[in-house]
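Visitor: Spelled out from the first residue to the last, the chains are:
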Amino acid sequence: MTSLNTNMLPLSAPSNTPTLNFEEVAFCGQERTLLAPSSFTLASVGPTLVMGPNGAGKSLLLRLAHGLLTPSRGRVIWSDGERPRQAMVFQQPVMLRRSAVANVIHALAVNKVPHRSRSRRALDALERFGLATCAHTPARLLSGGQQQRLALARAWALSPRVLFLDEPTSALDPAAIKAVEAAVQEFHCQGTRIVMTTHDIHQARRLAGDVLFLSGGHVREHTPADTFFDHPASREAQAFIAGELIE
Amino acid sequence: MNKVLNLSLAGITTLGLTFSASADEYITLASTTSTENSGLFDSILPKFEDATGIEVRVVAVGTGQAFELARRGDADSLLVHDTAGERRFVDEGYATARADVMYNDFVVIGPENDPARVAEAQSAAGAFAAIASAEAPFTSRGDDSGTHRAELRLWQNAGVEPDGDWYRELGSGMGPTLNTAAAMDAYVMSDRATWVAFGNRQNLTLVFEGDEVLFNQYGSLLLSAEKHPHLKHELAEQWHNWLLSDDGQQAVADFRVDGQQLFFPNGK
Amino acid sequence: MENNAFYVAISLLLDVDAALFSIVALSMQVSLLAVLVAALLGFPLGAAVALWRFPGRGGVIVTLNALMGLPPVVAGLTVYLLLSRAGPLGELGLLFTPGAMVIAQVILVLPILAALSRQKVEELLGEYQEQFISLGMSRARMMPTLLWDARFALLTILLAGFGRASAEVGAVMMVGGNIEGVTRVMTTSIVLETGKGNLPLALGLGIVLLALVMLVNAGAYLVGELARRRTG
Chain G
1 MTSLNTNMLP
11 LSAPSNTPTL
21 NFEEVAFCGQ
31 ERTLLAPSSF
41 TLASVGPTLV
51 MGPNGAGKSL
61 LLRLAHGLLT
71 PSRGRVIWSD
81 GERPRQAMVF
91 QQPVMLRRSA
101 VANVIHALAV
111 NKVPHRSRSR
121 RALDALERFG
131 LATCAHTPAR
141 LLSGGQQQRL
151 ALARAWALSP
161 RVLFLDEPTS
171 ALDPAAIKAV
181 EAAVQEFHCQ
191 GTRIVMTTHD
201 IHQARRLAGD
211 VLFLSGGHVR
221 EHTPADTFFD
231 HPASREAQAF
241 IAGELIE
Chain U
1001 MNKVLNLSLA
1011 GITTLGLTFS
1021 ASADEYITLA
1031 STTSTENSGL
1041 FDSILPKFED
1051 ATGIEVRVVA
1061 VGTGQAFELA
1071 RRGDADSLLV
1081 HDTAGERRFV
1091 DEGYATARAD
1101 VMYNDFVVIG
1111 PENDPARVAE
1121 AQSAAGAFAA
1131 IASAEAPFTS
1141 RGDDSGTHRA
1151 ELRLWQNAGV
1161 EPDGDWYREL
1171 GSGMGPTLNT
1181 AAAMDAYVMS
1191 DRATWVAFGN
1201 RQNLTLVFEG
1211 DEVLFNQYGS
1221 LLLSAEKHPH
1231 LKHELAEQWH
1241 NWLLSDDGQQ
1251 AVADFRVDGQ
1261 QLFFPNGK
Chain Y
2001 MENNAFYVAI
2011 SLLLDVDAAL
2021 FSIVALSMQV
2031 SLLAVLVAAL
2041 LGFPLGAAVA
2051 LWRFPGRGGV
2061 IVTLNALMGL
2071 PPVVAGLTVY
2081 LLLSRAGPLG
2091 ELGLLFTPGA
2101 MVIAQVILVL
2111 PILAALSRQK
2121 VEELLGEYQE
2131 QFISLGMSRA
2141 RMMPTLLWDA
2151 RFALLTILLA
2161 GFGRASAEVG
2171 AVMMVGGNIE
2181 GVTRVMTTSI
2191 VLETGKGNLP
2201 LALGLGIVLL
2211 ALVMLVNAGA
2221 YLVGELARRR
2231 TG
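Chains as they are written, first to last, in this note's numbering: chain G, 1 to 247; chain U, 1001 to 1268; chain Y, 2001 to 2232.
Since the hints were derived computationally from the structure, they do not count as laboratory data.
Cβ atoms here follow ideal geometry from the backbone N, Cα and C, with glycine treated the same way.
Do not take every clue at face value.
Some residues of chain Y that are not near chain G, with every Cβ distance over 10 Å (derived) [unchecked claim]: (1) 2022; (2) 2123; (3) 2159; (4) 2220.
Using C-beta positions, here's what the derived DEER-type ranges look like [unchecked claim]: (5) Y/2086 / U/1133: 45 to 55 Å; (6) U/1049 / Y/2055: 54 to 64 Å; (7) U/1052 / Y/2056: 53 to 63 Å; (8) Y/2123 / G/55: 22 to 32 Å; (9) Y/2089 / U/1184: 36 to 46 Å; (10) Y/2041 / U/1260: 46 to 56 Å; (11) Y/2086 / U/1234: 18 to 28 Å.
All chains should be modelled from the sequences, with the hints used to inform the complete structure.
Guide: Have a look at this one:
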């Protein structure tokens, strides 16, 4: 198991923000171990930024936490014992072949939101993310930035208590990145637990409350953002922050 | 989505209406392609329907298949041309009565230049022997139909075992067989009715006719109520009786193609 | 001039008589109804095979793909033996009715719709699966969403099915009997006229059939294209 430097994490998460526990969670691919047994607790306010070089296992960790993948070993445990309502925003937004608003309505329908309140909730969400004017545009004809905002709006409409984001801005231009980051902040202010991967250190500096750093399928450290950026403990993190090419 | 649904519902309704539009009184008659292709039914069925109000639905197949349809209880009545087979059908108990209705005759068709000199033959047996000895191409129905069975009897009469490259068994109806013969410049035996009504003769012409053995008798059969109680025996009997009545016999005699009478009533 | 098939086809179209109209109408009704029924069964079947893993799934896929090539006359013979009075469903009295022709065509079209929709739905599922699981959708709940999102591909698949249904002759001949005014459709008329040696008329009917199939295809293409442009 990887030893973690978990000193000085802020302890004061709002009471309604769920706590996530990884207990010796490991994931094996067909031939090799993709995530070594890892234990950590996400209890602080966050947002938690999952960082590390390509292939470190960031996306995998997110998928295990969200339940898209089942661990080969170990357990993912939520604070109240029950899996809280959660949503995920992917690197490539997955949009159904229908209008923007219909995409949000579909997500609401799937989550058994009563028929009559769906439209209103969907349009509210679109408006909040600046998409009111393209509510009836086919979702797949929207720009990359708009689609990513639509993915956030869809997540918003579901009022999740946890939001996972997997490199949500990697394909976007600066203006769109700014909009997505603002949206993430908005979720965070509502008390939603944010767990987000990024390979962009500057973005991490802007958003992170705490940082979970991975390399080579190991969780190397989990510290408050300031500690991570100013005094990285592991050699891998030091190299990563210095901008070296590491594995 | 609702529109699609409405449209398909409308489609089903229309279909239902069409399906049930002509369902009151009718019988299913299994008969041969030769009678259907000649146009005989188009001429006589309206007269029967006028007289009795009964619609006759014709399923035109080879004689072998027609017997099979009747044997399985899928046809109410039979009108075919294989007297020996018809008698056997009665003996087996599938039919209770059989009657001669009409006849036409078989004719030998061949290319105009007549390479086997069939036109000079004195008898049908001679004509068939000439074709065999010249090994001139001959197309046979090969489908166990009444015409095919008659053709096989004629080869037997001629003392020939038809075999070899020149003898082509097609496994087709009369019309397709004539189409093939026309394309190959082959000899072929046809019933006169199909030949007269046939539209795609190309080089083919009638090369031999008139021998009594080429006589092609049509018979109507009343099917067994015992074997198949569900059939419309009463209506079928009206059809059978009408065919043999003066009106029915006259209707057969009145059918003409290009002014030529094709079927000769001999009902009794 | 009367021997030219195009001339015959045009005069058939210009001078529509009642008999031809009823033949054309029956052809369309039988094939469209068959395709509709086959779609109601085949699309959910295809989607189910795409969505669920079960023992023998590979066998089901191979069978569906193979049945796309089922000879119509074999389907016709099977339905004939079922519907014949001596067969298990003989009591229904469906033999030699348009209903029997619909059944035979459903059997021909169903594998096409199921096999091709299975392929398309599986492709979409690959794209959507993580999002669907993230939304907490069950496999059963994914089915309608996937089918609706595959709608443009399904429309093309429907047309392939309609093409097979309207073009085949072996099955409808055998179970319909080509009865004038009752079960005579375009393809069986073409066989009949060919048998009579009326080749120009037969080909003329063929051209009329082709024109109708093209009309249906053009209509579907237009509807599909308009909708595609609107929904991306």
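Visitor: All hints are to be evaluated individually against the structure, with a verdict given for each.
Guide: Going through the hints against the structure:
{"no.": "1", "hint": "2022", "result": "41 Å, holds"}
{"no.": "2", "hint": "2123", "result": "13 Å, holds"}
{"no.": "3", "hint": "2159", "result": "19 Å, holds"}
{"no.": "4", "hint": "2220", "result": "18 Å, holds"}
{"no.": "5", "hint": "Y/2086 / U/1133: 45 to 55 Å", "result": "46 Å, holds"}
{"no.": "6", "hint": "U/1049 / Y/2055: 54 to 64 Å", "result": "58 Å, holds"}
{"no.": "7", "hint": "U/1052 / Y/2056: 53 to 63 Å", "result": "57 Å, holds"}
{"no.": "8", "hint": "Y/2123 / G/55: 22 to 32 Å", "result": "27 Å, holds"}
{"no.": "9", "hint": "Y/2089 / U/1184: 36 to 46 Å", "result": "43 Å, holds"}
{"no.": "10", "hint": "Y/2041 / U/1260: 46 to 56 Å", "result": "53 Å, holds"}
{"no.": "11", "hint": "Y/2086 / U/1234: 18 to 28 Å", "result": "22 Å, holds"}
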